[in-house]
Amino acid sequence: MAAYLKLFLSFLKIGAFSFGGGYAMLPLIEQEIVYINQWLTPSEFIDIIAISQMSPGPIAVNAATFVGYKYLGVLGSIVATFGVVCCSFFLVTILAKVIIKHYKSFVVSGIFSGIRPGVIGLIAAACVSLFKSSIVDIKGFIIGVIVLFMLQRTKLHPIAIIFISGALGIAMYSI
Amino acid sequence: MLKKYFKLFWIFFRVGAFTFGGGYAMVPIIQKEIVEKENLIETKEFLDIIAVSQSLPGPIAVNATIFTGFKLYGILGAIFGLIGTVLPSLLVIIVLAIFYNQIKDIKAIQLFFQGVRPAIVALIFMSAIKLGKAIDKSSFNYLMMGLAFIAIIAIKIHPILVVLACATCGLLYSRREREKDGGVS
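So the sequences go chain by chain: W and S.
So for the first sequence, numbering that gives the first Met the number 0 puts the first residue at 0; every next one is plus one.
So for the second sequence, numbering that gives the first Met the number 0 puts the first residue at 0; every next one is plus one.
Hint data in this document are derived by calculation from the structure and do not stem from the laboratory.
Just to be clear, a hint being listed does not mean it is correct.
Unchecked claim - Partial list, derived from the structure: chain W residues whose beta carbon lies under 8 Å from chain S:
#, residue
1, Ala-2
2, Phe-16
3, Phe-18
4, Ala-59
5, Leu-90
6, Leu-147
7, Arg-152
8, Thr-153
9, His-156
Said to hold, decoys possible - What follows is a set of in silico ranges between Cβ atoms, one per label pair, in the way DEER data are often shown:
#, chain 1, residue 1, chain 2, residue 2, range
10, W, Gln-30, S, Lys-179, 45 to 53 Å
11, S, Ile-105, W, Ile-137, 44 to 52 Å
12, S, Ser-137, W, Gln-30, 42 to 50 Å
13, W, Val-97, S, Glu-178, 20 to 28 Å
14, W, Ile-48, S, Lys-43, 30 to 38 Å
15, S, Ile-159, W, Ile-48, 55 to 63 Å
16, S, Phe-98, W, Ser-108, 47 to 55 Å
17, S, Lys-179, W, Lys-103, 19 to 27 Å
Don't be surprised by glycine CBs; every beta carbon is placed ideally from N, CA and C.
So that you can see chain S by itself, here it is in the shape it has in the complex:
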């Protein structure tokens, strides 16, 4: 009975322990653990979770953990997942806060993270590709993907506004599709 909660805790402990760089850096690890290895949620649902996590206040990894935990096992799932995600930070930061002055000049640690940073970019890139494969290859989907990308990169619109705009487009488009089918659903 308790086993599933501890399993969830342990999965998110690893997510918390190996998410370097914040924000979307957690996407590849959650994807691997929850979607690919354990098959607990589908890729499409995972995309929904990221969208919601991005749109609510608070750290994305924390929001995604709470949502995933809640979806799987309710409130207790959310709590166990959340503790798992924040515990590694808590432990590592306390150690670092105590020893920071001794640690900060160790060259190898800095070089280690200099190597990790480019890897995070590559990991997120591959995640985006894998996620892209999971949705239908419709022109509407490609259009939304492209517009969201351009809105952030070229026009620098806030991601929440982009999510809201995509939601509106999705709703309007499905309504039009429904009317085109002529049926009431």
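Next up, chain W with everything else stripped away, as it sits in the complex:
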């Protein structure tokens, strides 16, 4: 029981103190898992990154599930996942409630009138940094261009695009 509680608290902390999502969460996870609790060795931690790239879903959730499973089995993975989303759940619902209630007010609408264009800038910036880390060779660039073309010309669902690009990856990189 104590072990489950420790696992839960550890991932609660990860969920509560990592901002920005994605790989921004990795250093904190590494700190908790590898150095403080020693649930995984540094090389097992590298496996998490590889596994996260193969698995869908948020990286922090993937890490929680993986560590929880390795340490305490299926129940452990559920406990760790619950821990990592717990804080989000409370904070987001509280803030959502406030925002929805005051959506038409001068202050909230003023705030969002500045944030909305800013977020588009943030997404564009994320795109640039992803470009640098994800498109590392000419084949990758070609796949990116093909996908852009498909998105412009067709109404394909992003899920279909993911499968097509995966197939393209297998086809192009096996040559």
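Position chain S relative to chain W; hints supplied.
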């Protein structure tokens, strides 16, 4: 009655199942499902949800799911959406954790993801363009967009600070606009 919750669960199950790469990778899929296909929320509201998700701790996809679920159907909506988002991770990771040593050397899987990664960049890029079309073409909006982009890329300011700065600018600008109109609202 329960049907809408399961529908929400199923939508976010797909979001969770096909979001590779974390962070903003979920934007194109949620956008397609919630905004374009089902018309459950407007594009502007979707931008607000992303902003809030980015500014609070925790994974962006998880925050966005909770917000969207809560906005649509209250606490139960948030719970169903959240379970939908994390369940695929849970299932896939457990399978991978069991078979990782057998799987990690299969070349085709690695190549598949080598192809998926550039596609995610293109998907997010198109999302940004679509989102950009949804807001007014005012010089204030272009300025905020450009400054946020430069702040992240060139100056490497933390995204939360950028969101806070944009919020402040938005508030000050609307106050000035209101005073210029001379009216009390």
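Outcome of the hint check:
| no. | hint | result |
| --- | --- | --- |
| 1 | Ala-2 | violated, 18 Å |
| 2 | Phe-16 | holds, 6 Å |
| 3 | Phe-18 | holds, 5 Å |
| 4 | Ala-59 | holds, 5 Å |
| 5 | Leu-90 | holds, 5 Å |
| 6 | Leu-147 | holds, 5 Å |
| 7 | Arg-152 | violated, 12 Å |
| 8 | Thr-153 | violated, 12 Å |
| 9 | His-156 | holds, 6 Å |
| 10 | W:Gln-30 to S:Lys-179: 45 to 53 Å | holds, 50 Å |
| 11 | S:Ile-105 to W:Ile-137: 44 to 52 Å | violated, 25 Å |
| 12 | S:Ser-137 to W:Gln-30: 42 to 50 Å | holds, 43 Å |
| 13 | W:Val-97 to S:Glu-178: 20 to 28 Å | holds, 26 Å |
| 14 | W:Ile-48 to S:Lys-43: 30 to 38 Å | holds, 35 Å |
| 15 | S:Ile-159 to W:Ile-48: 55 to 63 Å | violated, 24 Å |
| 16 | S:Phe-98 to W:Ser-108: 47 to 55 Å | holds, 51 Å |
| 17 | S:Lys-179 to W:Lys-103: 19 to 27 Å | holds, 21 Å |
The structure does not agree with the numbered hints 1, 7, 8, 11, 15 stated previously, though it agrees with the rest.
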